[in-house]
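So the chains spell out like this:
2 protein chains.
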Amino acid sequence: MKTSRYCATQLIALLVLAGCGGSGDQAVRSPEADAVSVSNMVAEFDRCAREGDLEAFLSHVMDDVVWMPPGEPAVVGKQAVREWYANFYGTFDIELTHDVLETHTFGDAVIARGNAAQTLTPKAGGSPMSLSAKFILVFRRQPKGPLKVWRAIANANTPPPGG
Amino acid sequence: MKTSRYCATQLIALLVLAGCGGSGDQAVRSPEADAVSVSNMVAEFDRCAREGDLEAFLSHVMDDVVWMPPGEPAVVGKQAVREWYANFYGTFDIELTHDVLETHTFGDAVIARGNAAQTLTPKAGGSPMSLSAKFILVFRRQPKGPLKVWRAIANANTPPPGG
Chain Y
6 MKTSRYCATQ LIALLVLAGC GGSGDQAVRS PEADAVSVSN MVAEFDRCAR EGDLEAFLSH
66 VMDDVVWMPP GEPAVVGKQA VREWYANFYG TFDIELTHDV LETHTFGDAV IARGNAAQTL
126 TPKAGGSPMS LSAKFILVFR RQPKGPLKVW RAIANANTPP PGG
Chain F
6 MKTSRYCATQ LIALLVLAGC GGSGDQAVRS PEADAVSVSN MVAEFDRCAR EGDLEAFLSH
66 VMDDVVWMPP GEPAVVGKQA VREWYANFYG TFDIELTHDV LETHTFGDAV IARGNAAQTL
126 TPKAGGSPMS LSAKFILVFR RQPKGPLKVW RAIANANTPP PGG
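Each protein sequence line maps, in turn, to chains Y and F.
Each residue of the first sequence is one higher than the one before, starting from 6 at the first, in my numbering.
Each residue of the second sequence is one higher than the one before, starting from 6 at the first, in my numbering.
No lab work stands behind these hints, which were simulated from the structure alone.
Ideal Cβ positions, reconstructed from N, Cα and C, are used throughout, including at glycine.
Just so you know, not all the hints are guaranteed correct.
[Said to hold, decoys possible] With the C-beta cut set under 10 Å, the calculated list includes, among others, these residues of chain F facing chain Y:
| # | residue |
| --- | --- |
| 1 | 78 |
| 2 | 94 |
| 3 | 107 |
| 4 | 109 |
| 5 | 111 |
| 6 | 113 |
| 7 | 116 |
| 8 | 118 |
| 9 | 139 |
| 10 | 145 |
| 11 | 158 |
| 12 | 161 |
| 13 | 164 |
| 14 | 165 |
[Said to hold, decoys possible] Going by beta-carbon spacing under 7 Å, a handful of chain F positions derived as facing chain Y:
| # | residue |
| --- | --- |
| 15 | 75 |
| 16 | 76 |
| 17 | 112 |
| 18 | 141 |
Could you put together the complete structure from these sequences and hints?
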């Protein structure tokens, strides 16, 4: 009885030391868990784009984010990114599918690379435009465990029309 | 005498433990030293582009590099990157200037972001083409200390002509 109580105390201490205090912090610190988190997050980004859910999307973005879209200068900071995506979501009906090819963890940074298929239909009318792109996303681990987008860059897999 | 010999042995042991065996390995492990290394390396990339020095450029590239140029699919692996750059250096006279805006160290990975100004003049004749681009470079620390390019992606800061 005493032994099992001692073991239970030890187990709790170990769980606390390991950061398994119910918040799941430890789980997201393994590369495998980071890969799952990234996979789930980009699927959520695709849903946000489809449904125009700007606030849900921005909840995964750091304050000092830098988004580097093709064909224009870098968009620096969450407020500028908010305005960029408000315009993007407002201008197009968006079908977006991220395909993560690799995820690597370096301490508190996680780098993901992949392709994205995108079809944009102007809300004001006009033909849908399809684009195959590739991307690098860099996430940073937040103090309580979850990853958020810190740097993002994409470009096309095909030459521009007429280019 | 005996004490000083003991101290010298200890000192050597500490230097070996710290990786200060004369190769300067330890120096490149600080974020400040990484930033200097990256700055020097991209200046060397600019020289390589200007002089068509393919081998010097490739000496800074990892075997499992992925180069993600705009307008075409990812170029995967050093052999494919060699062929891409042999074609690039062979087709154009290149003026290239990297401007690193930030460098961050995450253990053995170093992420650099910046802009690059590029003027390409076709060797076969034709007008020079100027491009302002932005980039993310991810370097990995090699076993003996130096950083090498592991992932690279760039895109234009302006829309494509006619696009």
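Broken hints, numbered, in rising order?
Structure breaks hint 2 only.
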